[in-house]
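Engineer: Assemble the whole structure, with the sequences as input and the hints as a guide.
2 protein chains.
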Amino acid sequence: MKIALAQNNYHIGNFEYNTEKIINRIQRAKEQGADLVVFSELSVCGYPSGDFLEFTDYINQCYASLDKIKAHCSGIAAIVGAPDRNVSPKGKPLYNAAFFLENQEIKQVYRKGLLPNYDIFDEYRYFEPATEFSILEFKGKKIALTICEDLWNLNDNPLYTGNPMETLARQGASLMINIAASPFAWNHGNERKKMLSENSRTYHLPMIYVNQVGAQTELVFDGGSMVFNQNGQIVEEMNYFEEDFLITDLELIGRKSGYTPAYQEENPDKIHDIYEAVKLGIKDYFSKMGFSKAILGLSGGIDSAVTMAIAADALGAENVLGVLMPSAFSSDHSVNDARELAENLNCPYKIIPIKETTELFEKSLAPWFKGLEFDVTEENIQARARAVYLMALSNKFGYVLMNTSNKSEAAVGYGTLYGDMCGGLSVLGDVYKTDVFALARYINRNKEIIPVNSILKPPSAELRPNQKDSDSLPEYDILDKILYQYIELRKGAKEIIAMGFDSALTQRTLKLVNTSEYKRHQTAPVIRVSSKAFGMGRKMPIVAKYPG
Amino acid sequence: MKIALAQNNYHIGNFEYNTEKIINRIQRAKEQGADLVVFSELSVCGYPSGDFLEFTDYINQCYASLDKIKAHCSGIAAIVGAPDRNVSPKGKPLYNAAFFLENQEIKQVYRKGLLPNYDIFDEYRYFEPATEFSILEFKGKKIALTICEDLWNLNDNPLYTGNPMETLARQGASLMINIAASPFAWNHGNERKKMLSENSRTYHLPMIYVNQVGAQTELVFDGGSMVFNQNGQIVEEMNYFEEDFLITDLELIGRKSGYTPAYQEENPDKIHDIYEAVKLGIKDYFSKMGFSKAILGLSGGIDSAVTMAIAADALGAENVLGVLMPSAFSSDHSVNDARELAENLNCPYKIIPIKETTELFEKSLAPWFKGLEFDVTEENIQARARAVYLMALSNKFGYVLMNTSNKSEAAVGYGTLYGDMCGGLSVLGDVYKTDVFALARYINRNKEIIPVNSILKPPSAELRPNQKDSDSLPEYDILDKILYQYIELRKGAKEIIAMGFDSALTQRTLKLVNTSEYKRHQTAPVIRVSSKAFGMGRKMPIVAKYPG
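Residue numbers (the working numbering), protein chains in the order written: chain A, 18 to 565; chain B, 18 to 565.
Heads up, some of the hints might be wrong.
Any copy, or any two copies together, can satisfy a pair, since identical chains are not distinguished.
[To be verified] In silico lysine to aspartate or glutamate, DMTMM-like type, Cα no more than 25 Å apart, as pairs:
id: 1; residue 1: K310; residue 2: E390
id: 2; residue 1: K287; residue 2: E465
id: 3; residue 1: K528; residue 2: D136
id: 4; residue 1: K38; residue 2: E373
id: 5; residue 1: K556; residue 2: D136
id: 6; residue 1: K556; residue 2: D68
id: 7; residue 1: K387; residue 2: E373
id: 8; residue 1: K498; residue 2: E282
id: 9; residue 1: K367; residue 2: E390
id: 10; residue 1: K310; residue 2: D392
id: 11; residue 1: K387; residue 2: E505
id: 12; residue 1: K372; residue 2: E260
id: 13; residue 1: K47; residue 2: D494
id: 14; residue 1: K211; residue 2: E154
id: 15; residue 1: K536; residue 2: D136
id: 16; residue 1: K47; residue 2: E215
id: 17; residue 1: K372; residue 2: E33
id: 18; residue 1: K47; residue 2: D392
Keep in mind that the hints were calculated from the coordinates and are not lab data.
Structural biologist: And the structure:
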């Protein structure tokens, strides 16, 4: 039996586009002699559809898509992910389902049993978990068809009380198929491979795994669909960060040898992977929103430099406009570094000095400010004046403003709300400053694109004379480690201090994170590259008093 | 038996404050001869605690609070809400629990079975649902102790497959106690009463219901704890929107007659209730964040007028600063209306003309803008220049900026991001424009506080000559009805058009709502007063193409 794996990039709610793409792949699979073609989780509507799933009309359109798709399933069968109405009088109104289409009919519907409801997942919001599981019989094969999380209750994963695959194994499964929408995180790929491999080994079955690819605002689905032999070895691995299509011959899988994913504490390709994820995040945000041009403020610093370099790669250099807006406190070398960056990348740039503008704001406020010291107010006026210029250019010419904040500064609130925290998309908001440096070196791996000076000079917001980030913040190599323990690993102050970090510094850092929640609440969606990004996957009360 | 109902306002994560308050009420109840004192759901940490519940240290602090509290439970018993660790190797790590404290010990723990996971609720994110339920025996009473949603599976509510109260009734319950954290919505109070009354009648049992009170950022818990006799009549009803304390004598409940809440389609007190909810929302945001002074831009229009009036009531008139920032397009009457409002309220105000500022921005941009028409860009520059002034005053003097956007304009994206959409708290973001008018009339019910001219003149953003909202938007009485069908009732275009609304207008409105999701993503938390507010309870994809 030949099975096609269709790794597609869907557009949420764009039924016409998704349906056409699915039908196209069915045709291709048929032409290439496949018996079955497999699509990813909730492929007809795209994952995650959010509260659109609560609209009757949205679900109607999902069924209408299935109707169009099934008409193309003659001489070939297809497994397509879609929501399915729960017709029983009890429980949530939908199931997260896989539809088996054959002979132009919906032959069977398979429903997800384990619903992830943590981090960025909230499937219990919409779906009733299935409690009964049965085998799909097709051309003499007994297929255990599961949906993403269904396979994640192996070993001692404590999240769930049931295990759908146990039930299916008892029914004599001869092949596993899992359809997924599993988002990228730099340390997740290996975990995913290991879990799938262990399933295959545990049940001694070959497995077809089809993942979604493409970015949906914050979430980047990285693809990497796979075929495992019955020993849990990966014998086929599809491309990452792009669409792909593959036909595998089931009879040959058993004879192929591959590799068994091993435990890895570190991802040696971390920076490469983050780069690709962020690039795809930008690309899909623009293409799916119908925009083509980006704008950003260039400070001469490393965050805006890395953002511009990746955006230029994603959108084309000619579509990324840098705006240099020196203030009274900007150093000459900053302006030169920014200009050099734009020139290295072949990106257009403009220079708009803001000194006169900030002076006018200060003059207008002077009646109330007189006698008061220069403080964060005047710093913020500079950042906000820049935002007004950037947004004016954005409004006039249809640019989308890229936010250039990194995760370290977003964490501790080191940024101006409605100033440098503006932007439609946060490119580096899930990348710690130390990793921003690593990205810069990665971008420069073949030649100097980001001026070395931007990498080597001490980070500074340049909002007052001779300012350095380290005046107000700990050094980033320490700060980032504390933040990682608190944000990604959810350790409290006591636990972090017990690891050897300075007590006062740790407590100050955690307090800064908690008290700047109100700022992060108002910022752009952050392209998620870690296991815990700011945004939809981290729900913290704003009004709270907990020092962590 | 005498039972005390302690309706308290908790501060999330502020264990010291919450514990002290709980102990104080235990003492008071004891002094007044109560046998048992009942606190609301998750009272030790406050509801909702969000992802703080994922921190080991946070849960440790909950247990430590219980230890302190139980020491005061001699001669009196207490029911206190707190998270409880799931010690079994399977399932989510916590239960949402009620601790029965007696003789300075934790005697029993009761766990929530029905976990709400819709709208603003996401309890499956943290909690494992209980599947076993048993009676609490105390002084000869068999108490069916349940937690909030546990009672919401009566009749044909399709959300859940189980019903804890059925189990408890079979065990011979003689009294029901329900501890809750049920947030306000203008049409929810009656629904809540009816559901509780039906439970009491169905099982023919008296019921004690203790709700949380107080605002937690977006959510306003309205209190209104109640005592029902065994016929489902409300015999005691505690205050709304404030803390309260009541001792009820169980032996007398059966002899008291009260009223049975009836079905009501409309809430006749809707505007009063919204006013009180918003007022408490402001008050608690400030007090819990440690701020006392608010600032807002006064346009002379009705949104800023209503916001200022409620803020003055919540915080004291002297603590609310209005800033008038006329542009070249501001009419004289707008400035006069704004000034009159501030004077009527006895609020301080300042005037900062922005004409020179916007001209400077335009001059600086002229090299790129020359030959291009005045458009939304120049409109936005005005709104953003105002935001810079407001935030500068906020930064310098510690004011919190109040956002004055209403729900109608937030819905269709009629507002300037980083301009009039700025602010730490959205006061009217869940109030449709037609209800803002009703609030204005309510505020003026005894005397003219909001200048009548602000109420009567056609709404205008005054960002270009002779502009009116109705130039770009449908009349609010129609717009609001369409928005209500789409947002609150989640009807699609077809269903709304079938109700008689204009087809093109409906489709345009829904498209505006969907395409302005990116703006709402970046705005302040909205005080929730309806069953579907923008913010945490409405999760819509930004990158999507679904016209609704």
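Engineer: Could you run down the list of hints and mark each one as holding or not?
Structural biologist: Hint by hint, here is what the structure shows:
1. K310 to E390: between (40 Å within a copy, 21 Å between copies)
2. K287 to E465: within (21 Å within a copy, 64 Å between copies)
3. K528 to D136: within (22 Å within a copy, 29 Å between copies)
4. K38 to E373: neither (53 Å within a copy, 54 Å between copies)
5. K556 to D136: both (8 Å within a copy, 14 Å between copies)
6. K556 to D68: both (17 Å within a copy, 5 Å between copies)
7. K387 to E373: both (19 Å within a copy, 20 Å between copies)
8. K498 to E282: Answer is within: at 16 Å inside a copy they meet the 25 Å cutoff, but 55 Å across does not.
9. K367 to E390: between (33 Å within a copy, 21 Å between copies)
10. K310 to D392: Between. Shortest inter-copy distance 19 Å satisfies the 25 Å Cα cut-off; intra-copy 35 Å does not.
11. K387 to E505: neither (45 Å within a copy, 49 Å between copies)
12. K372 to E260: neither (48 Å within a copy, 52 Å between copies)
13. K47 to D494: Neither: 54 Å inside a chain and 55 Å across chains, both beyond 25 Å.
14. K211 to E154: neither (27 Å within a copy, 50 Å between copies)
15. K536 to D136: both (20 Å within a copy, 23 Å between copies)
16. K47 to E215: The answer is neither: 32 Å in one copy and 58 Å across copies each exceed 25 Å.
17. K372 to E33: neither (50 Å within a copy, 48 Å between copies)
18. K47 to D392: neither (68 Å within a copy, 52 Å between copies)
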